[in-house]
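**Q** The lines below spell out each chain.
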Amino acid sequence: MIKIKNISKTFTSGKSQVEALTNINLEIKEGEFVAIVGPSGSGKSTLLYLLGGLDSTTSGEIIVNNKNIALFSDKELSKYRNKEIGFIFQEFHVEPFLSVKENVLLPTYFNHKSVEDDEYAEKLIKEVDLSSKINSDINTLSGGQKQRTAIARALINRPNIILADEPTGNLDIKTGEKIISLLKNLHKKHGITMIIATHDHKIAEVAERIIKIEDGKLCS
Amino acid sequence: MLLNLSLQNIKERKFRSILGIISIAIGVASIVIFLGLSQGIKTATFKEMEKSSPLTQITVHPNTSKSGVVSLLNTSGGNRLDKTAIEKISNISGVKEVYPEIQFNEFASLEAGILGFSFITDAMLFGLPEEFLKEDIPECAEIPCDTWHTNAPPYPAIVPRKLLDMYNFALAIPQGLPLLNEKNLIGKKIMLYPKYSTFFPEVNKKTEEIELKVVGFSDKVNLIGVTLPYEFVQDLNKKYAPTSEEQYLEFFIETESPDLTADIAKQIEDLGYSANYLQKNLQEVEAKFKYLSISLGIISLIILISSTIAIMSTFLAVAMERKREIGLLRAVGATKTHIKMLILFEAGIIGIAGSILGIILGGLSSMVFDHFAISQLSSTTFTPTTLFSITPLLVISALIFGTLLSILSAYLPAKKAAEINPFEALR
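Chains as they are written, first to last, in our numbering: chain A, 1 to 220; chain B, 1 to 427.
Careful, some of the hints might be misleading.
To be verified - Not everything, but these chain A residues come out facing chain B in the computed CB check (under 10 Å):
(1) T46
(2) Y49
(3) D55
(4) K75
(5) S78
(6) V94
(7) P96
(8) F97
(9) K101
(10) E102
(11) L105
Unchecked claim - According to the in silico footprint, chain A covers these stretches of chain B (three or more CB under 8 Å from chain A):
(12) 322–332
(13) 413–426
Hints listed in this document are in silico derivations from the structure and should not be mistaken for laboratory results.
Note that the structure is predicted; figures quoted are calculated from it, not measured.
By construction, the Cβ of each residue, glycine as well, lies at the ideal position given by its N, Cα and C atoms.
Sequences and hints are given; from them, build the entire structure.
**A** Written as structure tokens, this is what we have:
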């Protein structure tokens, strides 16, 4: 269960202050598939990054599994990101000099990698239909294949929450649809809480719940 | 795994990695060259000093600090070098032999034909026991050693080795004359004219000529003349300076062991004489070498500071270039320490590679310089086998130092990289 209590986030841009999120209150149940929808600059990515512990709130609380992550130390936040969260980014963010399998295994490097991880990585790569590319140079892969690699990487440490920030934003419509379908299937199979930030209402429709955000405030 | 990531990063950023390796290599090479040279010159100098004064040798003079120079020249006073002094010193436990040195107490001139020219010059004649001299002329090829003390000419003459340097550098090179070496001169005949001076008209008449033969060169003998067997100079004094008092110029003391030298020297000083020995001289020379080491150290330090700045700026640029990668690593669970370690591992690998390259470059440069310098010194009597002392300790120290320098230089950039906000890096 994720509880967001009255969080605000303000950025400093030069001499001025920009309020990215204002008094957000939200609850997301365990295993829920949620889409956060809003136009560009509405604050949906900021909300996602705050949930993932990649940035700190200006005020408010984010309770994940009964713990306020806003109070976590840097080390605790790193552990939280490693164990509890799987990130999928719009720009894939794959390591250019690692193979597909090495990219998938990347989070395990910071969590005592074991032989089981190797086997699980191979299983996930099969699930995202990249078995034929397992040892390939990541740079030879298409955008869709890179995103599938990133999805497998997000799942490697068996997280409870997947945070996907515009996961189809850099893909063509057909590939984007395939990725969304893959995410939906993985959500069903693994029972993971899935939170997708998108500006595309069509993609949002696959989610169990849609949360609209505009100018840093929730609309519904 | 972090090491694997570091290696991959080094491979991917070849140009920057090579720049880092070169920076370290220059710094380490300078350490190897300068410290190797400083230590090498020191070792070569010590070896050279050991030639003229072995570790078991003490040179004894009248104590000039107590009696003064005038007193030394007159050899009057309580601490004169005479037979009583020989007896006193011989009685010191650990003294193996006392070799006294005398001089011819009259004018003398030497004439020699060298390189087609005939030279005649005033010269001082010194006498030393043949046992002491023979150590430097082991073969006795020119005049059999067992006949040195006979009264038949030619008599053996030993020339100071440094005299060759003086001729070659002060005369031959400026005047364009052929250089001389020991081989040219051994076996050369010299005519000795006792009680004859080329300077003073009152003794400008050759009364007798005695044939000498150069039998060898020594670093121990007096620099300002030619040294002959002790008995021969004694005989010359009896004949040409019978009224002069028998006195010794200096004593060469041979001790039973190098460990006893300092203690015996102390006892000799307690008797009122001045005693010099290699270990004491080495300390003084070593103190003087500190200046050379400090100077070369400062040059190395300047080069190292430049290397440090170069590495620091390289890693700062790398950290900024890798903002997104660092953001991703943070997103998948890397702590600040992981990021720091990642950069420092890279710096360590670059440091090791740069240090190895620097050691090889330093070693090769030293060999080239050494070859050139030694060939230049071949015309002198200072002929060390090498001017560099690149010891395993120096190599290991340079390797450790270069690696640590690289790691320390990368510490600030690593800290900066660890502070990168993942949110800002990934957006």
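**Q** Check the structure against each numbered hint from earlier and tell me which ones fail, lowest number first.
**A** 9
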